[in-house]
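Chemist: Residues per chain are reported as follows:
There are 2 protein chains.
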Amino acid sequence: MAPVEVKENDVCVKMLAAPINPSDINRIEGVYPVRPQPPAVGGYEGVGEVYAVGSAVKVLSPGDRVIPFPPSFGTWQSYIVKDQSVWNKIHQETPIEYAATVSVNPLTAFAMLQDFVRLNPGDTIVQNGATSIVGQCIIQLALTQGVHSINIIRDRPGADGVKENLRKLGADQVYTESQLEVKNIKDMLGGLPEPVLGFNCVGGNAASLVLKFMRNGGTMVTYGGMSKKPVTVSTSSFIFKDLSLRGFWLQKLMSTDKASECRNMIDELLYLMHDGKIKYEMELVPFDDFHSALDTALGKQGSRPKQVLIY
Amino acid sequence: MAPVEVKENDVCVKMLAAPINPSDINRIEGVYPVRPQPPAVGGYEGVGEVYAVGSAVKVLSPGDRVIPFPPSFGTWQSYIVKDQSVWNKIHQETPIEYAATVSVNPLTAFAMLQDFVRLNPGDTIVQNGATSIVGQCIIQLALTQGVHSINIIRDRPGADGVKENLRKLGADQVYTESQLEVKNIKDMLGGLPEPVLGFNCVGGNAASLVLKFMRNGGTMVTYGGMSKKPVTVSTSSFIFKDLSLRGFWLQKLMSTDKASECRNMIDELLYLMHDGKIKYEMELVPFDDFHSALDTALGKQGSRPKQVLIY
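Residue numbers (the UniProt record's numbering), protein chains in the order written: chain P, 1 to 311; chain V, 1 to 311.
Keep in mind that the hints were calculated from the coordinates and are not lab data. Some hints could be false.
[Stated by the list, open to error] Simulated pairs of lysine-lysine, DSSO-like, Cα-Cα distance not exceeding 30 angstroms: (1) P:Lys212 - V:Lys212; (2) P:Lys258 - V:Lys241; (3) V:Lys186 - P:Lys252; (4) V:Lys258 - P:Lys229; (5) P:Lys229 - V:Lys241; (6) V:Lys183 - P:Lys186; (7) V:Lys58 - P:Lys241; (8) V:Lys7 - P:Lys252; (9) V:Lys58 - V:Lys7; (10) V:Lys241 - P:Lys252; (11) P:Lys212 - V:Lys241; (12) P:Lys186 - V:Lys212; (13) V:Lys258 - P:Lys241; (14) P:Lys183 - V:Lys228; (15) V:Lys7 - P:Lys229; (16) P:Lys212 - V:Lys258; (17) V:Lys229 - V:Lys277; (18) P:Lys183 - V:Lys300; (19) V:Lys58 - P:Lys229; (20) V:Lys229 - P:Lys212; (21) P:Lys241 - V:Lys7; (22) P:Lys183 - V:Lys252; (23) P:Lys228 - V:Lys7.
[Said to hold, decoys possible] Far from chain P, by Cβ distances over 10 angstroms, these chain V residues were calculated: (24) Gly63; (25) Lys168; (26) Gly170; (27) Met188; (28) Thr235; (29) Lys241; (30) Ser244.
Beta carbons are placed, not taken as given, at the ideal position from N, Cα and C, and that holds for glycine.
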């Protein structure tokens with residue numbers, strides 16, 4: 001390829017780290033309705049350091065730590081040249097693996113907790129897929145708001161250790177799906193109020209379990225479908241229980257006027273991360289090991305932490 | 001039973017007509033979560049004539065035509081004594097079979113068209129169960145607001161005649177379920193904009209067909225489940241299509257502060273009925289034939305018009 005010219009409003013950023021998210025893989029698979037023109041570079045978020053700036057760029061200087069926001073295509077490359085408006089300066093001391101991963105999963109958690117129901121301290125939320133990074137962020141963000149969480153995980157070997165880890169993050173209740181095959185779900189609330197808000201990233205039975213917990217008039221938000229099974233809802237859930245079912249897609253939110261609110265959420269998240277109030281496990285992988293990191297991200301090594309490429 | 005005393009604020013009404021609604025039968029079957037203390041009298045709406053009033057009653061006089069509003073238990077009896085606040089005077093010239101049936105099905109249609117999405121002239125709604133009285137009222141009410149309707153009916157012998165009848169009421173498009181097993185549902189819009197609002201009273205495949213028609217960001221309201229099958233929704237309907245799924249239950253609405261708005265909707269409906277702008281088929285049955293009317297309402301005689309008991 002020919003060298004890229006740095007125009008007067010452009011900034012050239014040397015990338016430092018970028019994750020492999022499930023949504024990156026979905027994009028490459030063509031699952032998403034919005035697609036870039038091929039050939040295209042993968043990767044939707046990351047962190048870099050300003051390497052060079054165009055003549056009209058005032059607010060950024062070489063050495064600044066930046067993230068692309070709104071997140072955008074092409075972070076899986078060593079150097080990126082884009083208009084200065086794309087780059088947002090962040091504090092140098094933010095750990096790079098958190099800076100690289102804040103804009104997709106943690107932001108999804110933050111935005112979903114704000115967008116649908118006004119939560120008050122003492123309220124309860126319920127979610128499935130609680131071990132995902134979005135799930136872990138929901139637990140920790142709820143905790144910072146005084147909101148309780150009921151968490152549903154897959155039945156799996158070592159479930160007790162997984163539960164213990166989620167409790168350490170602040171989860172009030174953690175159940176495997178099979179534990180919830182009970183007649184009276186209220187017995188599983190452990191004294192918490194019935195959830196006013198639920199999150200579903202699994203579908204199938206795991207979504208039904210979220211609905212089972214919800215209080216009358218509650219809202220369940222679907223943001224993923226890991227089981228590849230649809231959501232099935234009884235007529236009485238709608239009519240007598242007055243449940244609302246909604247969906248969330250970060251990429252769509254970014255195209256609305258809420259994108260600027262999201263910028264503030266990112267700042268808040270980076271602050272909480274710096275403070276140790278939001279954490280999740282990641283595996284830092286040199287960029288040269290991209291292929292094995294991709295295999296790991298695709299689940300070929302079993303359950304493993306999120307893969308973050310270090311350039 | 002001992003004679004009922006007419007206290008100073010009571011009104012004794014001689015019932016003239018009351019329908020047998022599917023919801024009346026559901027209540028007797030115990031399907032509904034709210035139940036009267038047995039022994040109880042069935043029937044949830046109807047029309048009557050004031051027979052006697054208590055000494056403190058000023059606004060009603062013997063001979064006045066009244067309906068109970070909010071609708072309440074016990075209209076399947078010859079005389080009813082209740083507090084004056086329960087009885088709403090209506091115009092004498094309203095046909096009694098419409099006065100007797102306005103408070104449940106037509107009101108459901110009216111409230112659902114108002115409660116969820118702000119409709120503008122030129123918008124489209126889509127519904128299944130379009131031959132039900134609620135369905136027929138939705139078509140006619142939409143028409144009065146300049147809103148188009150796409151209507152889905154069961155495959156059945158004589159479907160062409162049913163379609164023709166619905167078109168005469170104002171339906172823009174009418175399809176049987178099997179006609180909609182097509183790859184591109186947009187071909188079936190017939191030039192109408194994609195529906196912003198959908199109504200589901202069937203569940204199962206018929207609910208999926210409503211969802212298939214909906215435009216991005218649309219809302220589907222479930223108010224019945226005639227097939228006894230749940231609603232099944234793909235993950236992408238929530239995430240990429242941003243559909244909202246809600247429920248409607250008239251009895252719950254009546255317990256909120258929207259009940260007084262409903263009183264105005266009843267007046268508007270009675271006006272439209274008097275004007276011939278809302279009509280539906282009914283079968284008037286003498287009260288003595290209650291048992292055969294009940295069998296008919298239960299579907300034992302096949303598809304038949306709504307049974308309205310005349311006292």
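Chemist: Taking the hints in turn, state whether each one holds.
Modeler: Going through the hints against the structure:
1. Taking the CA atoms of lysine 212 of chain P and lysine 212 of chain V, the gap is near 26 angstroms; set against the 30 angstroms cutoff, the hint holds.
2. Restraint check for lysine 258 of chain P and lysine 241 of chain V: satisfied, since their Cα atoms lie roughly 18 angstroms apart, inside the 30 angstroms limit.
3. Proximity of lysine 186 of chain V to lysine 252 of chain P is assessed by CA-CA distance (about 23 angstroms); at most 30 angstroms being required, the pair is judged to hold.
4. Our distance criterion of 30 angstroms between C-alpha atoms is broken by lysine 258 of chain V and lysine 229 of chain P, whose separation comes to about 38 angstroms.
5. Annotation: proposed proximity of lysine 229 of chain P to lysine 241 of chain V holds, straight-line Cα distance about 17 angstroms (limit 30 angstroms).
6. Between lysine 183 of chain V and lysine 186 of chain P the CA atoms are separated by roughly 43 angstroms; this puts the pair beyond 30 angstroms, and the hint is violated.
7. Between lysine 58 of chain V and lysine 241 of chain P, the direct Cα distance comes to roughly 40 angstroms. Violation of the 30 angstroms bound is thereby established for this hinted pair.
8. Note on lysine 7 of chain V and lysine 252 of chain P: the hinted pairing is violated, with a Cα-Cα distance of about 62 angstroms set against a maximum of 30 angstroms.
9. Distance hint between lysine 58 of chain V and lysine 7 of chain V is fulfilled; the C-alpha atoms sit about 14 angstroms from each other, no more than 30 angstroms.
10. Under the criterion of a C-alpha separation no larger than 30 angstroms, the hint pairing lysine 241 of chain V with lysine 252 of chain P is consistent with the structure, at around 10 angstroms.
11. Taking the CA atoms of lysine 212 of chain P and lysine 241 of chain V, the gap is near 24 angstroms; set against the 30 angstroms cutoff, the hint holds.
12. Our distance criterion of 30 angstroms between C-alpha atoms is broken by lysine 186 of chain P and lysine 212 of chain V, whose separation comes to about 35 angstroms.
13. A hinted pair counts as satisfied when its Cα atoms are at most 30 angstroms apart, and lysine 258 of chain V with lysine 241 of chain P qualifies at roughly 18 angstroms.
14. For a cut-off of 30 angstroms, the pair hint linking lysine 183 of chain P to lysine 228 of chain V stands: about 21 angstroms separates their Cα positions.
15. This hinted pair does not check out: lysine 7 of chain V and lysine 229 of chain P have alpha carbons roughly 60 angstroms apart, beyond 30 angstroms.
16. Only pairs whose Cα atoms come within 30 angstroms are accepted, and lysine 212 of chain P paired with lysine 258 of chain V is accepted, the gap being roughly 28 angstroms.
17. Proximity of lysine 229 of chain V to lysine 277 of chain V is assessed by CA-CA distance (about 33 angstroms); at most 30 angstroms being required, the pair is judged violated.
18. In summary, the hint linking lysine 183 of chain P to lysine 300 of chain V is not supported, as the alpha carbons are separated by about 35 angstroms, beyond the 30 angstroms threshold.
19. Our distance criterion of 30 angstroms between C-alpha atoms is broken by lysine 58 of chain V and lysine 229 of chain P, whose separation comes to about 62 angstroms.
20. Note on lysine 229 of chain V and lysine 212 of chain P: the hinted pairing holds, with a Cα-Cα distance of about 17 angstroms set against a maximum of 30 angstroms.
21. Pair hint lysine 241 of chain P plus lysine 7 of chain V does not hold up; C-alpha atoms about 38 angstroms apart against a cutoff of 30 angstroms.
22. Under the criterion of a C-alpha separation no larger than 30 angstroms, the hint pairing lysine 183 of chain P with lysine 252 of chain V is consistent with the structure, at around 26 angstroms.
23. Taking the CA atoms of lysine 228 of chain P and lysine 7 of chain V, the gap is near 63 angstroms; set against the 30 angstroms cutoff, the hint is violated.
24. Once the 10 angstroms rule is applied to beta carbons, glycine 63 of chain V is consistent with being away from chain P; the minimum gap is 39 angstroms.
25. A cut-off of 10 angstroms between C-beta atoms confirms that lysine 168 of chain V is not in contact with chain P; the least separation is 30 angstroms.
26. Every C-beta of chain P lies more than 10 angstroms from that of glycine 170 of chain V, the closest at about 27 angstroms, which supports listing it as non-interface.
27. The Cβ of methionine 188 of chain V lies farther than 10 angstroms from every Cβ of chain P, with a closest approach of about 21 angstroms, so its non-interface assignment holds.
28. Residue placement check: threonine 235 of chain V does not keep its beta carbon more than 10 angstroms from all beta carbons of chain P (closest about 3 angstroms).
29. Non-interface status of lysine 241 of chain V relative to chain P is broken: a Cβ of that chain comes within 10 angstroms, the nearest being about 7 angstroms off.
30. For serine 244 of chain V, the shortest C-beta to C-beta distance to chain P comes to about 5 angstroms, within the 10 angstroms cut-off, and the non-interface label is violated.
The structure fails to meet hints 4, 6, 7, 8, 12, 15, 17, 18, 19, 21, 23, 28, 29, 30 from the earlier list, while all remaining hints are met.
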